[in-house]
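J.: All chains should be modelled from the sequences, with the hints used to inform the complete structure.
10 protein chains.
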Amino acid sequence: MLFQVEMDVNIPPGFDPEEAATLKAAEKVRFQELQKAGTWRHIWRVVGRYANLSIFDVPDNATLHELLTTLPLYPFMTVRVTPLCRHPSSAHADDR
Amino acid sequence: MLFQVEMDVNIPPGFDPEEAATLKAAEKVRFQELQKAGTWRHIWRVVGRYANLSIFDVPDNATLHELLTTLPLYPFMTVRVTPLCRHPSSAHADDR
Amino acid sequence: MLFQVEMDVNIPPGFDPEEAATLKAAEKVRFQELQKAGTWRHIWRVVGRYANLSIFDVPDNATLHELLTTLPLYPFMTVRVTPLCRHPSSAHADDR
Amino acid sequence: MLFQVEMDVNIPPGFDPEEAATLKAAEKVRFQELQKAGTWRHIWRVVGRYANLSIFDVPDNATLHELLTTLPLYPFMTVRVTPLCRHPSSAHADDR
Amino acid sequence: MLFQVEMDVNIPPGFDPEEAATLKAAEKVRFQELQKAGTWRHIWRVVGRYANLSIFDVPDNATLHELLTTLPLYPFMTVRVTPLCRHPSSAHADDR
Amino acid sequence: MLFQVEMDVNIPPGFDPEEAATLKAAEKVRFQELQKAGTWRHIWRVVGRYANLSIFDVPDNATLHELLTTLPLYPFMTVRVTPLCRHPSSAHADDR
Amino acid sequence: MLFQVEMDVNIPPGFDPEEAATLKAAEKVRFQELQKAGTWRHIWRVVGRYANLSIFDVPDNATLHELLTTLPLYPFMTVRVTPLCRHPSSAHADDR
Amino acid sequence: MLFQVEMDVNIPPGFDPEEAATLKAAEKVRFQELQKAGTWRHIWRVVGRYANLSIFDVPDNATLHELLTTLPLYPFMTVRVTPLCRHPSSAHADDR
Amino acid sequence: MLFQVEMDVNIPPGFDPEEAATLKAAEKVRFQELQKAGTWRHIWRVVGRYANLSIFDVPDNATLHELLTTLPLYPFMTVRVTPLCRHPSSAHADDR
Amino acid sequence: MLFQVEMDVNIPPGFDPEEAATLKAAEKVRFQELQKAGTWRHIWRVVGRYANLSIFDVPDNATLHELLTTLPLYPFMTVRVTPLCRHPSSAHADDR
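Line by line, the protein sequences are chains A, W, D, C, B, V, X, L, Z and U.
Position 60 (the first sequence) corresponds to 60 in UniProt numbering; numbering is contiguous.
Position 7 (the second sequence) corresponds to 7 in UniProt numbering; numbering is contiguous.
Position 14 (the third sequence) corresponds to 14 in UniProt numbering; numbering is contiguous.
Position 21 (the fourth sequence) corresponds to 21 in UniProt numbering; numbering is contiguous.
Position 4 (the fifth sequence) corresponds to 4 in UniProt numbering; numbering is contiguous.
Position 78 (the sixth sequence) corresponds to 78 in UniProt numbering; numbering is contiguous.
Position 38 (the seventh sequence) corresponds to 38 in UniProt numbering; numbering is contiguous.
Position 33 (the eighth sequence) corresponds to 33 in UniProt numbering; numbering is contiguous.
Position 9 (the ninth sequence) corresponds to 9 in UniProt numbering; numbering is contiguous.
Position 25 (the tenth sequence) corresponds to 25 in UniProt numbering; numbering is contiguous.
Derived from the structure by calculation, the hints contain no laboratory data.
Keep in mind it's a predicted model, so treat the numbers as computed, not measured.
Certain hints may be false.
Said to hold, decoys possible - The following label-pair restraints were derived from C-beta to C-beta distances:
{"id": "1", "chain 1": "A", "residue 1": "Pro12", "chain 2": "W", "residue 2": "Gln32", "range": "45 to 51 Å"}
{"id": "2", "chain 1": "U", "residue 1": "Pro12", "chain 2": "A", "residue 2": "Pro72", "range": "24 to 30 Å"}
{"id": "3", "chain 1": "A", "residue 1": "Pro12", "chain 2": "V", "residue 2": "Tyr50", "range": "24 to 30 Å"}
{"id": "4", "chain 1": "Z", "residue 1": "Thr39", "chain 2": "L", "residue 2": "Asp16", "range": "46 to 52 Å"}
What the hints assert, rightly or not - Computed list of lysine-lysine pairs in DSSO-like fashion (alpha-carbon distance at most 30 Å, straight line):
{"id": "5", "chain 1": "L", "residue 1": "Lys36", "chain 2": "V", "residue 2": "Lys24"}
{"id": "6", "chain 1": "W", "residue 1": "Lys24", "chain 2": "D", "residue 2": "Lys36"}
{"id": "7", "chain 1": "C", "residue 1": "Lys24", "chain 2": "C", "residue 2": "Lys36"}
{"id": "8", "chain 1": "A", "residue 1": "Lys24", "chain 2": "U", "residue 2": "Lys24"}
{"id": "9", "chain 1": "Z", "residue 1": "Lys36", "chain 2": "Z", "residue 2": "Lys24"}
{"id": "10", "chain 1": "A", "residue 1": "Lys36", "chain 2": "W", "residue 2": "Lys36"}
{"id": "11", "chain 1": "V", "residue 1": "Lys36", "chain 2": "V", "residue 2": "Lys24"}
{"id": "12", "chain 1": "U", "residue 1": "Lys36", "chain 2": "L", "residue 2": "Lys24"}
{"id": "13", "chain 1": "X", "residue 1": "Lys24", "chain 2": "Z", "residue 2": "Lys24"}
{"id": "14", "chain 1": "Z", "residue 1": "Lys24", "chain 2": "W", "residue 2": "Lys24"}
{"id": "15", "chain 1": "W", "residue 1": "Lys24", "chain 2": "W", "residue 2": "Lys36"}
{"id": "16", "chain 1": "D", "residue 1": "Lys36", "chain 2": "D", "residue 2": "Lys24"}
{"id": "17", "chain 1": "U", "residue 1": "Lys36", "chain 2": "U", "residue 2": "Lys24"}
{"id": "18", "chain 1": "C", "residue 1": "Lys24", "chain 2": "V", "residue 2": "Lys24"}
{"id": "19", "chain 1": "L", "residue 1": "Lys36", "chain 2": "X", "residue 2": "Lys36"}
{"id": "20", "chain 1": "C", "residue 1": "Lys36", "chain 2": "D", "residue 2": "Lys36"}
{"id": "21", "chain 1": "V", "residue 1": "Lys36", "chain 2": "B", "residue 2": "Lys36"}
{"id": "22", "chain 1": "A", "residue 1": "Lys36", "chain 2": "A", "residue 2": "Lys24"}
{"id": "23", "chain 1": "X", "residue 1": "Lys24", "chain 2": "X", "residue 2": "Lys36"}
{"id": "24", "chain 1": "B", "residue 1": "Lys24", "chain 2": "B", "residue 2": "Lys36"}
{"id": "25", "chain 1": "L", "residue 1": "Lys24", "chain 2": "L", "residue 2": "Lys36"}
{"id": "26", "chain 1": "D", "residue 1": "Lys24", "chain 2": "B", "residue 2": "Lys24"}
{"id": "27", "chain 1": "A", "residue 1": "Lys24", "chain 2": "C", "residue 2": "Lys24"}
{"id": "28", "chain 1": "X", "residue 1": "Lys36", "chain 2": "B", "residue 2": "Lys24"}
{"id": "29", "chain 1": "U", "residue 1": "Lys24", "chain 2": "Z", "residue 2": "Lys36"}
Every residue gets a Cβ at the ideal spot worked out from N, C-alpha and C, and that includes glycine.
T.: Structure (structure tokens):
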């Protein structure tokens, strides 16, 4: 089941740079686990902003909530979730 | 080069149903040409709305404008375009 | 899987009253089928507006989209969908 | 008498974690008292946000104000209240 | 139980003036019944707009919904409802 | 001459509680003076928010500005002012 | 007593041009009466829009409401009213 | 050439009161120079807010930018600029 | 003196296509006169919308208002005007 | 390929003035490199705001993202990006 997720990241100016680097590294590791598992299907940068546009493939709403709220950078994110479904015209098997 | 495009379609209530059907059929044909060509990379329905969320892969801005404004249903669409780029963490070759 | 759905209904002033009555009757029949099936879990009127606030329980996003867009009054609705999940503090079995 | 209440919780980053834990525990206790009493009829998590969507059943506006403003986490909440009433089509006794 | 209700009235330019006059007269009669009954506690014009700001005193949400949606001009209104309660500092008995 | 005034009060979390209590007490005293004088005609709590909805009766705009900006809690308020006037249908002498 | 009033005028495309010309001529006559009387103190065009920004000097709110709602073009206007008062730094006698 | 300028002033609660008083005094001096020069044509208080509504008469855009951004309180202001021009109906020589 | 002007064009669906073509041709002629004169300094299409982003160079506000409101397509436009001035860092002579 | 970029700069009041001066100087150097290279085609000040309106000419989205996010003042900027393309009526070779 697919969801579009937009994440804006806002780390406040005075935040300790080392701790920020640690969180970003942990975020990358977690992202890559979820990407390999096929859960975090797509991710793109939004030009000019510290933000991403992502497509998640999850079995249900509760799994998506659990995944998002345990991301290392979650406390600094503003998150918008939009439920999607397969478009009848699509010929791509994985746009389900 | 990737762009997210959101399209909301609003055909007014009194519009001739046959003409609407003709336009929708033409839209589907055009969509499938562009999907086969790899230009209209992804399309999803937004749950509960007559709208889609799409990812386009085009050589430049002018091509995207030309493609969108010649869609058969374009006169009935509200279109929002967001430029995207590859996310540094992505391991997927086609999230370029 | 639970979703909050808000529906604002706006039938234009000049619309044929008989056809409106037919659509409203069909809407009520469809609502009651879905309520009996346990799919349309809750419905409330929003005070002062021709609108409702509902909770749907569906197996997936695609089912919800299909249910909403085939409602008899759908062409006159503005629909907002919010994915929900069980709250960890809830003691109610059906707030899942 | 029913009200929809949306609560967004925003504890600032620098807030003492122990005090936060104490407040969250007190909030849970209070929630469960009100749930058992039938006052806090439903609660759901909003996917991807530290927020809930709730339905309250109270005798009057003043009681609702008193309940909300004395919640342990109230100073960190943004609250939106929407008055609801029974939908004429509903067959459920408790959607009153 | 008190509610603030804002009503913006928008009768479309082409609407039959006689029918409009009939509806406005019926609205005034209904308003005065409700004012005498103590239900429509206050009404004021908003300067420069065809709108009013009102205070209703009703036993519950359902009564307010019934009153508002059966007003003769309701089909032309945009209505916003805000639940109120007594302010602890007030010395006026009827600001309850 | 009547005005609707909405006041949202937002005292920042770290503010000294004693000073806050002093300001609130002074606010209450000032409110009661103005209520007795008939200037602050009505006040109600907005359910779920630290805010009030008030009706002022003042001789002119300048008096209202002076009254509002010298309230003890004014530095913590967001204020919205709407000019009102008597509604032609009202039978209440004091809705002037 | 001073008020800023913004008026956006929107005459629908299909409206009879002769009737529009008659209304505009009547509006100009009325404006000039009010300008000579010192009531409509200032008027300016907003660049690029069919709109004006005006300053009214009236004895009270009710007079302003009466003046605005009887303007010949009022049925085509969107009006926003902002109460003003003398600025303590001003040295101009008529910025009262 | 005329411009409407709205200025909202927001000095943060913790700001040194002496420095604030110095800045306000400097602002007043600068305002009066510009008022005498005929550049700052009008200024009014917006009722209930620490804000003003002003009319500037300047030879060009660059002069206006220079004047506004060198005001002593500019770092605490939110500024909105609207270009104006003479209204064809105005009989006042200085509404140019 | 420079201004950014955004123009959204919205010709209603039922509008006579021949008259629309005549207006568009007249608009193009007028645009090219103003471009040759150096007044309409730049024009670009906004991708995916029937809209343009333009830079005008005019002697004053009144000239800009006159130019915009006499464009053949003006009755179908929504126009937003932003006053600009030279940036101190720019090395380009014509970004004045 | 052209993009409009709006940048609002907001350096917080307490920020070290020397560090701010260093960043602004570095920003100016970087701007002038990009202006000479023809990448940062135009820049203008927005009257009354610490903001600019710019036109970038870049080979693709990724280059624009890289350029913007490495600007010395980027951490203090709010950035909005709008893709543009050549307008069919333009006679200017460089409005491509």
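J.: Please go over all the hints and tell whether each is borne out by the structure.
T.: Quick rundown of the hints versus the structure:
The supplied range of 45 to 51 Å is met by proline 12 of chain A and glutamine 32 of chain W, whose beta-carbon atoms lie about 48 Å from each other. Remark: the range hint 24 to 30 Å for proline 12 of chain U to proline 72 of chain A is upheld by a beta-carbon distance near 26 Å. Between proline 12 of chain A and tyrosine 50 of chain V the C-beta distance comes to about 26 Å, which sits within the given range of 24 to 30 Å. Separation of threonine 39 of chain Z from aspartate 16 of chain L is about 49 Å and conforms to the stated range, judged on CB atoms against 46 to 52 Å.
Between the alpha carbons of lysine 36 of chain L and lysine 24 of chain V the distance comes to roughly 42 Å, so the proposed pair goes past 30 Å and is violated. Restraint check: the Cα-Cα separation between lysine 24 of chain W and lysine 36 of chain D comes to about 35 Å, which exceeds 30 Å; the hinted pair is violated. Between lysine 24 of chain C and lysine 36 of chain C the alpha-carbon distance is near 18 Å, which keeps this suggested pair within the 30 Å criterion. For the given pair, lysine 24 of chain A sits about 27 Å from lysine 24 of chain U by alpha-carbon distance, which is consistent with the 30 Å threshold.
At roughly 18 Å between alpha-carbon atoms, lysine 36 of chain Z and lysine 24 of chain Z fall within 30 Å of each other, so this suggested pair holds. About 26 Å separates the Cα atoms of lysine 36 of chain A and lysine 36 of chain W, which keeps this hinted pair within 30 Å; it holds. This hinted pair checks out: lysine 36 of chain V and lysine 24 of chain V have alpha carbons roughly 18 Å apart, not beyond 30 Å. Taking the CA atoms of lysine 36 of chain U and lysine 24 of chain L, the gap is near 42 Å; set against the 30 Å cutoff, the hint is violated.
For the proposed pair lysine 24 of chain X and lysine 24 of chain Z, the alpha carbon gap of about 27 Å is at most 30 Å, so the pair holds. Only pairs whose Cα atoms come within 30 Å are accepted, and lysine 24 of chain Z paired with lysine 24 of chain W is accepted, the gap being roughly 27 Å. At roughly 18 Å between alpha-carbon atoms, lysine 24 of chain W and lysine 36 of chain W fall within 30 Å of each other, so this suggested pair holds. Of the pairs offered as hints, the one joining lysine 36 of chain D and lysine 24 of chain D holds, with about 18 Å between alpha carbons and a cut-off of 30 Å not exceeded.
For the hint linking lysine 36 of chain U to lysine 24 of chain U, the alpha-carbon distance of about 18 Å falls within 30 Å, and the restraint holds. Proximity of lysine 24 of chain C to lysine 24 of chain V is assessed by CA-CA distance (about 27 Å); at most 30 Å being required, the pair is judged to hold. For the hint pairing lysine 36 of chain L with lysine 36 of chain X, the CA-to-CA distance comes to about 26 Å; that is within 30 Å, so the pair holds. With a C-alpha separation of about 26 Å, the suggested pairing of lysine 36 of chain C with lysine 36 of chain D holds against the 30 Å cut-off.
About 26 Å separates the Cα atoms of lysine 36 of chain V and lysine 36 of chain B, which keeps this hinted pair within 30 Å; it holds. Proposed proximity of lysine 36 of chain A and lysine 24 of chain A is supported: the alpha carbons are some 18 Å apart, at most 30 Å. Between lysine 24 of chain X and lysine 36 of chain X, the direct Cα distance comes to roughly 18 Å. Compliance with the 30 Å bound is thereby established for this hinted pair. Straight-line distance between C-alpha atoms of lysine 24 of chain B and lysine 36 of chain B comes to about 18 Å, which keeps the hinted pair within the 30 Å bound.
Taking the CA atoms of lysine 24 of chain L and lysine 36 of chain L, the gap is about 18 Å. The hint holds against a cut of 30 Å. Only pairs whose Cα atoms come within 30 Å are accepted, and lysine 24 of chain D paired with lysine 24 of chain B is accepted, the gap being roughly 27 Å. Between lysine 24 of chain A and lysine 24 of chain C the CA atoms are separated by roughly 27 Å; this keeps the pair inside 30 Å, and the hint holds. This hinted pair does not check out: lysine 36 of chain X and lysine 24 of chain B have alpha carbons roughly 35 Å apart, beyond 30 Å.
As the CA atoms of lysine 24 of chain U and lysine 36 of chain Z are separated by approximately 37 Å, the hinted pair breaks the 30 Å bound.
The structure fails to meet hints 5, 6, 12, 28, 29 from the earlier list, while all remaining hints are met.
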